[in-house]
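Spelled out, the chains give:
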Amino acid sequence: MSVVKYYSKFERFWHWTQAALIISLLVTGFEIHGTFQLFGFDKAVSYHVILAWSLIVLWVFAIFWHLTTGEWRQYIPASTGHIMAMVKYYAFDIFLGGGHPFHRTRQEKLNPLQRMAYLSMHLLIAPAIWISGWFYLFYSDWPAVGLEGLSLEVVALTHTAAAFAVLAFLVAHLYLALTMSSNFADLKSMLTGYGEEEK
Amino acid sequence: MFLRDKSLFSILSTWLLPGLLFLFNSAVSASSADLAEIKKSTADHSKFEQLQREFKTGPDVTKACLECHTEASKQLHQTKHWNWKFTNPETGQTVGKQVVINNFCLSVETNYPRCTSCHIGYGWKDASFDFTSEENVDCLVCHDTTGTYKKYPAGSGHPAYVDKLFPPKKGKKLFKAVDLNKVAQGVGKTSRQTCGACHFYGGGGDGVKHGDLDSSMTNPGKSLDVHMDKDGLNFVCADCHTTDGHDTKGSRYNITAKDTHGVDIIGKDDKSRASCESCHGLQPHPETADSKLNEHVDRIACQTCHIPTYARGGKPTKTWWDWSTAGRKTADGKPIKEKDENGYVTYVTKKGNFEWGENLVPEYHWLSGNTRFRSLGEKIDPSEVTKLNVFEGSYEDENARIWPFKVMRGKQAYDKVNNTLAVAHLFGKDKDAYWKSYSWSKALENAMKAAGAEFSGEYDFLETEMYWPLSHMIAPKEESLGCTDCHSKNGRLANLTDFYLPGRDNNKWLDGIGWLAVAGTLGGVSIHGLLRIIANRRRKRK
Chain A
1167 MSVVKYYSKF ERFWHWTQAA LIISLLVTGF EIHGTFQLFG FDKAVSYHVI LAWSLIVLWV
1227 FAIFWHLTTG EWRQYIPAST GHIMAMVKYY AFDIFLGGGH PFHRTRQEKL NPLQRMAYLS
1287 MHLLIAPAIW ISGWFYLFYS DWPAVGLEGL SLEVVALTHT AAAFAVLAFL VAHLYLALTM
1347 SSNFADLKSM LTGYGEEEK
Chain B
149 MFLRDKSLFS ILSTWLLPGL LFLFNSAVSA SSADLAEIKK STADHSKFEQ LQREFKTGPD
209 VTKACLECHT EASKQLHQTK HWNWKFTNPE TGQTVGKQVV INNFCLSVET NYPRCTSCHI
269 GYGWKDASFD FTSEENVDCL VCHDTTGTYK KYPAGSGHPA YVDKLFPPKK GKKLFKAVDL
329 NKVAQGVGKT SRQTCGACHF YGGGGDGVKH GDLDSSMTNP GKSLDVHMDK DGLNFVCADC
389 HTTDGHDTKG SRYNITAKDT HGVDIIGKDD KSRASCESCH GLQPHPETAD SKLNEHVDRI
449 ACQTCHIPTY ARGGKPTKTW WDWSTAGRKT ADGKPIKEKD ENGYVTYVTK KGNFEWGENL
509 VPEYHWLSGN TRFRSLGEKI DPSEVTKLNV FEGSYEDENA RIWPFKVMRG KQAYDKVNNT
569 LAVAHLFGKD KDAYWKSYSW SKALENAMKA AGAEFSGEYD FLETEMYWPL SHMIAPKEES
629 LGCTDCHSKN GRLANLTDFY LPGRDNNKWL DGIGWLAVAG TLGGVSIHGL LRIIANRRRK
689 RK
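Protein chains in written order, with this note's numbering: chain A, 1167 to 1365; chain B, 149 to 690.
I should point out that these hints are in silico values taken from the structure, not numbers from a laboratory. Glycine is no exception: its CB is placed at the ideal position from the N, C-alpha and C atoms. Take these hints with a grain of salt, some might be off.
[What the hints assert, rightly or not] Now the stretches of chain B that chain A is said to cover, found in silico as 3 or more residues with beta-carbon under 8 Å: (1) 646-654; (2) 660-668.
[Claimed, not checked] Some chain B residues near chain A, calculated using beta-carbon distances under 7 Å: (3) 434; (4) 438; (5) 443; (6) 450; (7) 632; (8) 687.
Using the sequences plus the hints, can you model the full thing?
Spelled out as C-alpha cells, the structure:
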C-alpha cells in the first residue's frame, strides 16, 4: 500500500466550500419554506440568494476544472455487475465480515455506488434545484419573456422536492463518509488530499 | 439592505452640511425675516375693492370672486365635487354621491339639506337644485384660510349667517355667525383643514367613514402620516391630489390600482400625482442583493405594506352600523343614547347600533381599478351578505394589485318582495322622515318614490358590506409591514388563496413524502450502523 494524493487543492476547496454553501442553503431554504425561524424571513431570503449565486460561481469553476483535468471521468457509471457487488457488500457482506469489493486507486477513486450517487446528484438533483431556483428567482420577469403561463406553485414545489432530495443525500453521504473507513481515514483524506491506495 | 453602507456623501450630509447651514443661517436670519413679510402669493385679497363690500350670504361672496375669476364656476361645474355624479368611462356606470347607496346614511335622495352641508355649493335642499348656477358655487369652503368658515350641518351648504345651535334650538354645538368679509379677504390655497372639513367627517362625524381620514390628519405627526407630518414634509392634500382647472385628481370612483407610468415630471407627466409612483417611481426601494422588495411593486400596492393599520391617529372609525335596531325608546317614550367607555355612541334611537375601531388591520383584496356600485333596482339575495360595491381583480389579472381596504359592515333595509335594497327618507321636518316618525314604512316609501324605484311596502333588514380602499396614513418605513406579515401561516394574506405565496403555502403531500424520505434515510443509516456494530461484536466474540 502506498500513500497517494487523491484530492487536489482545488478539489478540496470545491468540496468543502460546496458543503458549507449547500448546508447554509438548506438552512435558509427551509426557513423560507416555513419549517422554522432562525434569521427571519427577509434575511433568510437575502442570504439564500447570495449563497445560491456563490454556489453557481463555484460550480462554474468546478465544471471548468473537471473538464480540463479530465476528472469528470471519475463519474462515468460502472457496470451493473460492479454496482450489484457494492449493493451486496453493503446489504450482507459488511455484517458478515466480508471484504470490500472495490479497491480505490488514483485512477478510480470512487466506488461504483459513489459514481452513481454523485452522477445522479450532478445530472438529476442539481439541475432540478438550479432550474427551479432560477425560475423562482426571476419570477417577476416571467411576463417579459412570455412565461406568464408558468405556475409559481409548480416551480416552488419542484424546488422543495429537490431540496428534500439534497437533504436525504446529505444524510446518507455523511453516514458513509464518516463510518466506512477506520479512524476517519476518508474524512482525513478529504481534508489533506492524501490517502492510501488499496492495491 | 445589508450591502448598503455609509457613504462619504451621507456622512457629509449628516454632519457637515447642517453645521455649515447653521452658520449661514445665523448670518442671513435678519433678511429672511423680512422676506417672510412678503407673501408668496402675488395677490393680497384684503386689498381687493371687490371684497370691501358688505356680504350677506355665501353666494354674494361668490359673485364677487367671479368678477375676477371669471371661469371658476364653469370649471367647478364639470367636477365630481359639484355634480356628485360621475360616469366611469371604463364601466359606463354612473356613480357618485347622488346615486351610490352606502351603509352609513344610505343615500342622499330625500335627505339633501343634511347631506349637502358637505356640497361645494349653496342651496341644494332638494332634487330641484340648479346645477348651472354660478353664484351657488361655494369658493370659501375650500379656499378659507382663517379657519372660521363652517357650513351649518343642516344648512344645504350654507354657513350660519346668525348664531345657530346644532341640532337646532336644543343643540349643544354653537355655530357662530360667519364674518364673510374676513373670510373672503383671507382666501388662499386649500389646506388639510379645508379639505378635511368635509373629507374627515364623511358619514356624519369625525373619522366615521374612511378610517384613513379623520381630524387627526389636520396636523399629523410623522408616525401617523410620513408625508403630511406637520414638522416634516408637511404635505397638503393638493400636493398629491393635484388639480387641473379645479378638477381634483385621485378619485376612488376610477382608481389607479397600478400606476405603470412612474415619475411625473414636466414633459413626462400623466397629469395626476395621486399615486405613490408619481413621485417614488417604479423602483421605489433601495437596491439590495436580491431585488425582491422592488419586484413586489407589480402585484402589491404600496399602501398594502405602508399602511400597517388605519384609524391610527387616536380617532376611531365606524366599523358596524345596524339600522335594524333603530327606533328603540325608553318605557316613557324617550329616545335612547348609549356610549362606550371612550364616549363613542354605540346606540342611538335614530340610527341603531354602532361599533367603532382604532388601529385596525386592513382587509386585503385584488384590485385592478374599476369598482361597480350596486344600484337601487339590482336584485339581491337576502340569504347572503350583500356587497354594496364590487371590484375587479385577481392573481390572474396582471393589472391587479393587492390593496388594503376598510370594510364597512352593517344592516340596512331591503324590499322583501322585490328583493332590492331600499333607501330611506331620514332627515326632514315632515312626518315621513324616519328621524321624526320612526316609521320605516313611511321613510322607505317616501325615499323609494323619490328615487323612482319600486317598493312593495314590505321590508326587512339584511347585512351589507362596503369596501373602502385605503391610501392615507402612510407610516414611516420603519413602521411598514415586514415580510412575515404576509409570508407566514395565518398572515395578513391568509384569505387570498388564488396564488402560491412562499412561506405561507406548501403542499402537504410533498412535505410529507419529503420528510419521510429524509427520516427514512436517517433511520436506514442508523439501523445499518447499529447492525454493523452488533455484527462486529459477535465476530470478535467468536
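Quick rundown of the hints versus the structure:
no.	hint	in the structure
1	646-654	holds (count 7)
2	660-668	holds (count 6)
3	434	violated (13 Å)
4	438	holds (4 Å)
5	443	holds (4 Å)
6	450	violated (16 Å)
7	632	holds (5 Å)
8	687	holds (5 Å)
Hints 3 and 6, counting from the list given before, are not met by this structure.
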